[in-house]
Amino acid sequence: MSEAMAHHAEADRHPALAHHFEGLPEQKEAAGLGMWLFLAQEVMFFGGLFTCYTIYRNLYPAAFAAGSAHLNWKLGAFNTAVLIGSSLTMAMAVHAAAVGKRRQIVAYLLLTVALGSVFLGVKVVEYADKFHHHLVPGEHFRFEGPLARPAQIYFSLYFAMTGLHALHMIIGIPILLTLAVLAHRGRYSADYHAPVELTGLYWHFVDIVWIFLFPLLYLIPTHAPH
Amino acid sequence: MSAAAVLPEPPPPKTNYLNVSYGVKSWLLTTDHKRIALLYMASITVMFALGGTFAALIRLELVTPPGDLFQAETYNKLFTLHGVIMVFFFLIPSIPATLGNFLIPLMIGARDLAFPKINLLSWYLFMAGAGFAAWSLINGGVDTGWTFYTPYSTAFSNTHVISAAMGAFIAGFSSILTGLNFIVTIHKMRAPGLTWFRLPLFVWAHYATSIIMILGTPVIAVTLMLVMVERGLHLGIFNPALGGDPVLFQHLFWFYSHPAVYIMILPSMGVISEVVAAMARKRIFGYGIVAMSSLAIAIIGFLVWGHHMFVSGQSVYAGMVFSALSFLVAIPSAIKVFNWTATLYKGSVSYDTPTLYAIGFIGLFTIGGLTGIFLAALGLDVHVHDTYFVVAHFHYIMVGGAIMGYLGGLHFWWPKITGRLYPEAWGRVAALIVFAGFNLTFFPQFILGYMGMPRRYHAYPEEFQVLNVMSSAGASILGLGYLLPFAYLGWSMRYGRAASANPWGAKGLEWQAASPPLTENFEVQPVVREEAYEYAHAPQERAVV
Amino acid sequence: MSERHQSHVVSPLLYLAVFASLMVLTVVTVAASRFDFGPWNTVVALGIAVVKATLVVFFFMHLKWSSRLVRLMAAAAFMWLALLIAGAYSDYLGRGRVNTAVEKRSPTGALLEDR
Numbered sequence: 001m002s003e004a005m006a007h008h009a010e011a012d013r014h015p016a017l018a019h020h021f022e023g024l025p026e027q028k029e030a031a032g033l034g035m036w037l038f039l040a041q042e043v044m045f046f047g048g049l050f051t052c053y054t055i056y057r058n059l060y061p062a063a064f065a066a067g068s069a070h071l072n073w074k075l076g077a078f079n080t081a082v083l084i085g086s087s088l089t090m091a092m093a094v095h096a097a098a099v100g101k102r103r104q105i106v107a108y109l110l111l112t113v114a115l116g117s118v119f120l121g122v123k124v125v126e127y128a129d130k131f132h133h134h135l136v137p138g139e140h141f142r143f144e145g146p147l148a149r150p151a152q153i154y155f156s157l158y159f160a161m162t163g164l165h166a167l168h169m170i171i172g173i174p175i176l177l178t179l180a181v182l183a184h185r186g187r188y189s190a191d192y193h194a195p196v197e198l199t200g201l202y203w204h205f206v207d208i209v210w211i212f213l214f215p216l217l218y219l220i221p222t223h224a225p226h
Numbered sequence: 227m228s229a230a231a232v233l234p235e236p237p238p239p240k241t242n243y244l245n246v247s248y249g250v251k252s253w254l255l256t257t258d259h260k261r262i263a264l265l266y267m268a269s270i271t272v273m274f275a276l277g278g279t280f281a282a283l284i285r286l287e288l289v290t291p292p293g294d295l296f297q298a299e300t301y302n303k304l305f306t307l308h309g310v311i312m313v314f315f316f317l318i319p320s321i322p323a324t325l326g327n328f329l330i331p332l333m334i335g336a337r338d339l340a341f342p343k344i345n346l347l348s349w350y351l352f353m354a355g356a357g358f359a360a361w362s363l364i365n366g367g368v369d370t371g372w373t374f375y376t377p378y379s380t381a382f383s384n385t386h387v388i389s390a391a392m393g394a395f396i397a398g399f400s401s402i403l404t405g406l407n408f409i410v411t412i413h414k415m416r417a418p419g420l421t422w423f424r425l426p427l428f429v430w431a432h433y434a435t436s437i438i439m440i441l442g443t444p445v446i447a448v449t450l451m452l453v454m455v456e457r458g459l460h461l462g463i464f465n466p467a468l469g470g471d472p473v474l475f476q477h478l479f480w481f482y483s484h485p486a487v488y489i490m491i492l493p494s495m496g497v498i499s500e501v502v503a504a505m506a507r508k509r510i511f512g513y514g515i516v517a518m519s520s521l522a523i524a525i526i527g528f529l530v531w532g533h534h535m536f537v538s539g540q541s542v543y544a545g546m547v548f549s550a551l552s553f554l555v556a557i558p559s560a561i562k563v564f565n566w567t568a569t570l571y572k573g574s575v576s577y578d579t580p581t582l583y584a585i586g587f588i589g590l591f592t593i594g595g596l597t598g599i600f601l602a603a604l605g606l607d608v609h610v611h612d613t614y615f616v617v618a619h620f621h622y623i624m625v626g627g628a629i630m631g632y633l634g635g636l637h638f639w640w641p642k643i644t645g646r647l648y649p650e651a652w653g654r655v656a657a658l659i660v661f662a663g664f665n666l667t668f669f670p671q672f673i674l675g676y677m678g679m680p681r682r683y684h685a686y687p688e689e690f691q692v693l694n695v696m697s698s699a700g701a702s703i704l705g706l707g708y709l710l711p712f713a714y715l716g717w718s719m720r721y722g723r724a725a726s727a728n729p730w731g732a733k734g735l736e737w738q739a740a741s742p743p744l745t746e747n748f749e750v751q752p753v754v755r756e757e758a759y760e761y762a763h764a765p766q767e768r769a770v771v
Numbered sequence: 772m773s774e775r776h777q778s779h780v781v782s783p784l785l786y787l788a789v790f791a792s793l794m795v796l797t798v799v800t801v802a803a804s805r806f807d808f809g810p811w812n813t814v815v816a817l818g819i820a821v822v823k824a825t826l827v828v829f830f831f832m833h834l835k836w837s838s839r840l841v842r843l844m845a846a847a848a849f850m851w852l853a854l855l856i857a858g859a860y861s862d863y864l865g866r867g868r869v870n871t872a873v874e875k876r877s878p879t880g881a882l883l884e885d886r
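Protein chains in written order, with my numbering: chain P, 1 to 226; chain U, 227 to 771; chain S, 772 to 886.
It should be emphasised that the hints constitute simulated quantities derived from the structure, not laboratory data. Ideal Cβ positions, reconstructed from N, Cα and C, are used throughout, including at glycine. Take these hints with a grain of salt, some might be off.
[Claimed, not checked] Taking CB as the label site, the calculated pair distances span:
hint	chain 1	residue 1	chain 2	residue 2	range
1	U	Tyr378	P	His184	46 to 56 angstroms
2	U	Trp422	S	His779	22 to 32 angstroms
3	P	His184	U	Ala354	51 to 61 angstroms
Only chain P is shown next, with the shape it has when bound in the complex (with noise of 0.2 angstroms):
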């Protein structure tokens, strides 16, 4: 290892380089931790919510039960097919970046982008029905029966949990636009597409998380509670 680096040989520096790294390698790992960092703060963020998930739904189980009754769990299922798809679409458009294929990467970011969207469209949809059936917590609430008090609790969270969800795919969906008007002006290569990567790991941890709010919110069983 040579003693006195030479601070910038200009002219071998790849225009992505930045100037405080060595070589793309190590500014790539570091990109890389930076963003599995980003998302453990995300677990533990998303984490809070499923704390309280747990604890009241161990101690209202009946109304939770009702509540989820209430949830169309076909358009569930359907926007877990959707996201899942979309994470399909991501792995491939950063397999696309990784063998320098441009127009592919293009491709698939904007069918993620689609599915993303066609997600949003169908949450859409959702809340507009839990407004319609005064569902939404607050003042305008109604429910049923006996369990109104923790139903209420049990939409909070649903709102709550699915909301900010949604606003993560509100963000994720400019940022792959943008990725994708980059990917078209030639951007990316192999040597460099960590910008796609990265916004790779984003999007499945967005999946994921879709991944345990369907069963917890949407499948919560009807038989009796215990």
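Given the coordinates of chain P, work out where chains U and S should sit on it, guided by the hints.
Coordinates of chains U and S only, in the frame set by chain P:
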């Protein structure tokens, strides 16, 4: 000898990170970690002054037994704002965002942090959070206590809870990004030869702190978010009328806020390790153990949050477990105290300003830590919970510990940061005034709490007045003690003597950079060939008189 | 500094296989919710979700081919979440168990019969 490429004391290069460019844009759009550190330093100093003003008003009210200066509702806002500002906008960022940002790349021989732009974003997020807090303040403040307990904060308070909570929420992301930056930097950007167990303990301390920032802060972020939506949109997560449990809020709140106190103290401990080693001219006794103890504090610190909730309605069973674990977390802290003491023993100690702060830290932190053990004992805590005993305990750690560490570090690295020497005599005087003022302010509060004076009350029974007057008198002295460094450090930036690269003759890569450093820190990449704190071989005499 | 592979190129066929598995597991999770496994209902649902999440993390997110450090970080995140949930939940499990009060009460204060 470390890096072979360092020549003996060349004249400082004319261009450094301070004068390489001028103008507001060059500062507000900088990605240089050193400039960002100074941006933070300015911001947190302002926040400290604001939080300190509220403290002054509190102590002013408490000079007399009746609540005659402020109404109860106003007083509630005073202690809330004091807490919110001091915790979220001063203590949590303080050392990491200023000294950590400035020194970590230098200490590991890097040109910058891993993500310089994210570093700048961190500062802007901090400012945005502070903006929301200021908005809350200007519009009449918030009165829930810095702990935002539900259901008062969600349903009953008539003050600006949402903007205050939003301020803390945004500031939380500033903290998360700082921690993220530090961890990646320390993993990936160490100089050749700088193995983990050659790292300065300051770096170990910040690594441990960063773990807490990443894993803890998001929990309070989502919890404050729930408070905001419950209050604003009437979602009902903590609402008892629906069957919600306010204690669940407390679990989520303290899951972060207990480890948060370790965010506040670990960096300070890192400073003390550096100062003690340099001033005793000795390798820190038990270096490896001290490094590991930082990690142990960070990890065990996540297991004890329920000790804030002994009387909240939490199950006694859980309380017993949390109590036992809280005793455990004291052990790594105590280890550090023993090791610093052992380092000073038979060291060649020079009693400069940083040393005075460091020794003050060791003593005051010990008192604060021991009283923490009292509070960890469930049976005793039941009696002193929500009294001034608790207030005294945490101020001993946060002020007697964390802030003294910050001031000590500020003085120790001042020559590096500014290229100037501060006036040493003033430094020592101020340190002694701070120490005296601090003890006069907070020691009486242990007694007051033990005698039963509740916290967060603006009026109290006659028999507590003498101790309260002592405490308020102490606060005035402490305030003076804080104003002095502000004055002479500011003075030194213009008129102080020029500093050499290594005025203390200390070990550490940061002392091989110029004072102040170049923007890219080192002209030549340093290579490390010796262990940390190799003082036996140090050839340089100390240049500071 | 290790010269790690630039980026591990995964075969699209593997991705498709993972995707198919995830679809199948989604069907399984819906089907499973029709049955009553008694106290195991939640365990089954969460177990399937964990398997799905693991597939996404290991294959889509390349954790299978990532460094030990990254795997440690991923593991730590989930461990910490488990700690939060377990810690908070232990409070609720323990309420009313140690006989400190004459009457047994619900978390929100309502009087309960003996459970």
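Of all the hints given earlier, name the ones this structure violates by number, lowest first.
3
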